[in-house]
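Student: Sequences listed follow chains R and Y, in order.
Here the first sequence is numbered in the working numbering, starting from 9 and rising by one per residue.
Here the second sequence is numbered in the working numbering, starting from 42 and rising by one per residue.
Just so you know, these hints were derived from the structure itself, not from any lab.
Hints may contain errors.
The calculated lysine-lysine pairs, modelled on DSS-like cross-linking and capped at a C-alpha distance of 27 angstroms, are [stated by the list, open to error]:
id, chain 1, residue 1, chain 2, residue 2
1, R, 56, R, 406
2, R, 33, Y, 194
3, Y, 194, R, 275
With the Cβ distance kept under 8 angstroms, some of the chain R side facing chain Y (calculated, not the full set) [said to hold, decoys possible]:
id, residue
4, 77
5, 79
6, 83
7, 90
8, 93
9, 116
10, 124
11, 146
12, 270
13, 275
14, 276
15, 280
All values reported here derive from a predicted model rather than from experimental measurement.
Just so it is clear, CB atoms sit at the ideal spot from N, CA and C, and this is done for glycine as well.
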Amino acid sequence: MTAQMKLGAFLWATGHHIAAWRHPKAHVTAGIDIDHYIQLARTAEAAKFDMIFCEDAAGLREANVGIASQTSRSIGFEPISLLSALAVQTSRIGLVSTASTSYNEPYGLARTFLSLDHLSGGRAGWNLVTSASPIEAANFGSTGLKPHADRYERAREFAEVVTGLWHGKASGHDGQSFSVRDPLDLPRSPQGAPVMVQAGASDVGRDLAARTADVVFTAAQTFEEAKAFYDDLKGRMAAYGREPDDIKIMPGVSPVVAETEAEAREKHEELQELIPDDVGVALLSSYLSISDLWRYPIDGPLPDLPDSEGMKSRQALVVEQSRRDGLSIRQLARHFAGARGHWRIVGTAAQVADELQARFEGGAADGYNVMPSWFPGELDVFATLVVPELQRRGLFRKEYDGNTLREHLGLKRPA
Amino acid sequence: MHLAISLNIAAAKGQAVLDFGEIKTFVRAAEAAGIDMVVISDSVEGLSCSPFEATTLLAALATVTDKIGFVASASTVAHQPYNLARRFASLDIISHGRSGWHATMVQGSREAANFSRPEGFSDADFRRRAEEYIGIVQGLWQGWDADALLFDKTGGRFHDPEKMDLLDHRGEFFSVRGPLNVARSPQDTPVLVLSGLSEPDLDIAARTADVILLESGSAERAKIRFDELKRRATAAGRDPDAVKVLTNISFAPDDGAAATADKLETQLRAKSCDGFNIRLPAQHSALDDFADRVLPELRQSGLVREGYRGTTLRAHLGLAGGGDR
Chain R
9 MTAQMKLGAF LWATGHHIAA WRHPKAHVTA GIDIDHYIQL ARTAEAAKFD
59 MIFCEDAAGL REANVGIASQ TSRSIGFEPI SLLSALAVQT SRIGLVSTAS
109 TSYNEPYGLA RTFLSLDHLS GGRAGWNLVT SASPIEAANF GSTGLKPHAD
159 RYERAREFAE VVTGLWHGKA SGHDGQSFSV RDPLDLPRSP QGAPVMVQAG
209 ASDVGRDLAA RTADVVFTAA QTFEEAKAFY DDLKGRMAAY GREPDDIKIM
259 PGVSPVVAET EAEAREKHEE LQELIPDDVG VALLSSYLSI SDLWRYPIDG
309 PLPDLPDSEG MKSRQALVVE QSRRDGLSIR QLARHFAGAR GHWRIVGTAA
359 QVADELQARF EGGAADGYNV MPSWFPGELD VFATLVVPEL QRRGLFRKEY
409 DGNTLREHLG LKRPA
Chain Y
42 MHLAISLNIA AAKGQAVLDF GEIKTFVRAA EAAGIDMVVI SDSVEGLSCS
92 PFEATTLLAA LATVTDKIGF VASASTVAHQ PYNLARRFAS LDIISHGRSG
142 WHATMVQGSR EAANFSRPEG FSDADFRRRA EEYIGIVQGL WQGWDADALL
192 FDKTGGRFHD PEKMDLLDHR GEFFSVRGPL NVARSPQDTP VLVLSGLSEP
242 DLDIAARTAD VILLESGSAE RAKIRFDELK RRATAAGRDP DAVKVLTNIS
292 FAPDDGAAAT ADKLETQLRA KSCDGFNIRL PAQHSALDDF ADRVLPELRQ
342 SGLVREGYRG TTLRAHLGLA GGGDR
């Protein structure tokens, strides 16, 4: 049997496109409707996705309330409660939630995810983030966002404590940021330990992933970027005594799929036109971690940017693309609003499958985190058109072989 | 009478662990009997072999029931107030307005030791911190007006920016800007349940709590505490009926169903409480016994109403904000 790719269904509010909620058929009340999420989870499970993936931020996405009010992202479910509800409404699909190492304690986080793991019979995973947003920081004290290096040092210690607790390590921990006296008071995970997911792509983030992650979620526009990241990360693992196959690298992909290429392009343009300029520019600003992008002419080029404590790696990606394609701020804003810096493919199921297959077989990805532009429509389309195409090519499972997320992903069970 | 069942899923060491299916069966039996709410204890406080943390269990149980309320215990030491407010706001939307937060005013040593606070807090600090914490959580729960969400696709207005309020809290222990990134609760705000009160906590409870759980004592003492709490609620500018006082009563299978039902009726008629929080051990037999023998007895005496009048926990408890009471 040929190797098969892993697929995540990245669920997010009304959709990954910033204007998704305005699509005539988008489920606009997604952020207050649990039944909507149960339906999406069942769609993803019927399509045999490895997992559902939820991002998270403990605060608003956008400081400017006028701009925030034109998006659907200011309200939604808290993901651990959401996935706990989905755990008993599904039976096979993995359930991965993001949670921050900056605003949690490792004992509580380890315990909560282990509980989700028990509720789901071994299908839970934790996506570690260090939280780069000053909006979140303001909800957790008055001292402001911590420097990048400090956040990652805390994250490293946090991850060490969490995995120690999951693996039943008996002795306590007394470190720089955390102290923990007791082992967890819950039984051992049905899959050995919940799956550890990471997304940080900076140098220090890659080292942390190489040391501790089971899955890495990443953003890459081109094959070359994806391949370079893949090789770099897998190359770092030997230093920590790990095999390259111990980590599954799953770049984000935002496909727009239709029966014909022309139809797919038309669908994509329809959504793009629903983006107000000020919203697109604000979204781009937040990814670049600068607040005054609106001061520059919208049809002019991106200005030179100062160093920031925010998302270093993603900033570089945006700047590189802008320079490479000679894009104006407006063009770049619209381009990024659609897929948030992730890879976008617009075309037929066969064209999308070709692209996914090329990066998978070219050694640039172990699978993909699929980011539908709006819900439920684009998830349904991916499930009914692209998944069967991948299955026909032998690139994706037709049935689940195992019961736990580790089994789906082909990960070793920790000792 | 208002009736809560406290489900101690934190079984003693060596006992069989309850699986989700068993807990589901039990809460459905409680729902069929018209119980107002199930209080899910959390095991950080005591050794256990329960496989579930309370808020995750609440979310799961909410999806397999329609009417009964759920209150999960969560510690002010184990969570940041923004995260806790958010978790419960989300649970309340998942459960369509049937959720509550149970906070205790007693500091747990196990939590301090495992949440990077090895020295813990002094009693006075713990109390002031808890009071500030509760104020933040209740403030965050009110950050979005009930009609803030517009969902106006063609006009491009998802919400009304005038109907979202920042908290901008700066206090002795916490600084929280807000607002919460979860919509307003279907029952206005999740229900706040407080327990573990000592004398200096009574004003805090009378001012903020929707439900107060008190340990059982002598009939006279219970009556005095009940009247005192209602008096303080009135002094704080609240309707005394906006605070429900429930007495904790333990039930073990060999207590006898009829005797238990009699005990509850006597205390209620003495007007020393608004109802009871029945504590059950996590033994399958105790769960079955209570559901099969005690609940029908209470229902027959007309002490527990038949079915539910509303759909939210506030409605079950006769609290303001319940909407469809």
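Student: Indicate, hint by hint, whether the structure satisfies it.
Tutor: A quick look at each hint next to the structure:
1. R:56 x R:406: holds, 7 angstroms
2. R:33 x Y:194: holds, 10 angstroms
3. Y:194 x R:275: Judged against 27 angstroms, a Cα distance of about 17 angstroms means the pair holds.
4. 77: Status holds, d = 4 angstroms.
5. 79: Holds: closest Cβ of chain Y sits about 6 angstroms from residue 79 (chain R), inside 8 angstroms.
6. 83: holds, 4 angstroms
7. 90: Holds. Min distance 7 angstroms.
8. 93: holds, 4 angstroms
9. 116: With Cβ-Cβ at 5 angstroms, under 8 angstroms, it holds.
10. 124: For residue 124 (chain R), the interface hint holds, since the closest Cβ of chain Y sits about 5 angstroms away, which is under 8 angstroms.
11. 146: Status holds, d = 4 angstroms.
12. 270: violated, 25 angstroms
13. 275: Cβ of residue 275 (chain R) sits 17 angstroms from chain Y, so the hint is violated.
14. 276: violated, 18 angstroms
15. 280: Hint on residue 280 (chain R): violated, closest Cβ of chain Y at ~14 angstroms, above 8 angstroms.
Hint compliance for this structure: hints 12, 13, 14 and 15 are broken, all remaining hints hold.
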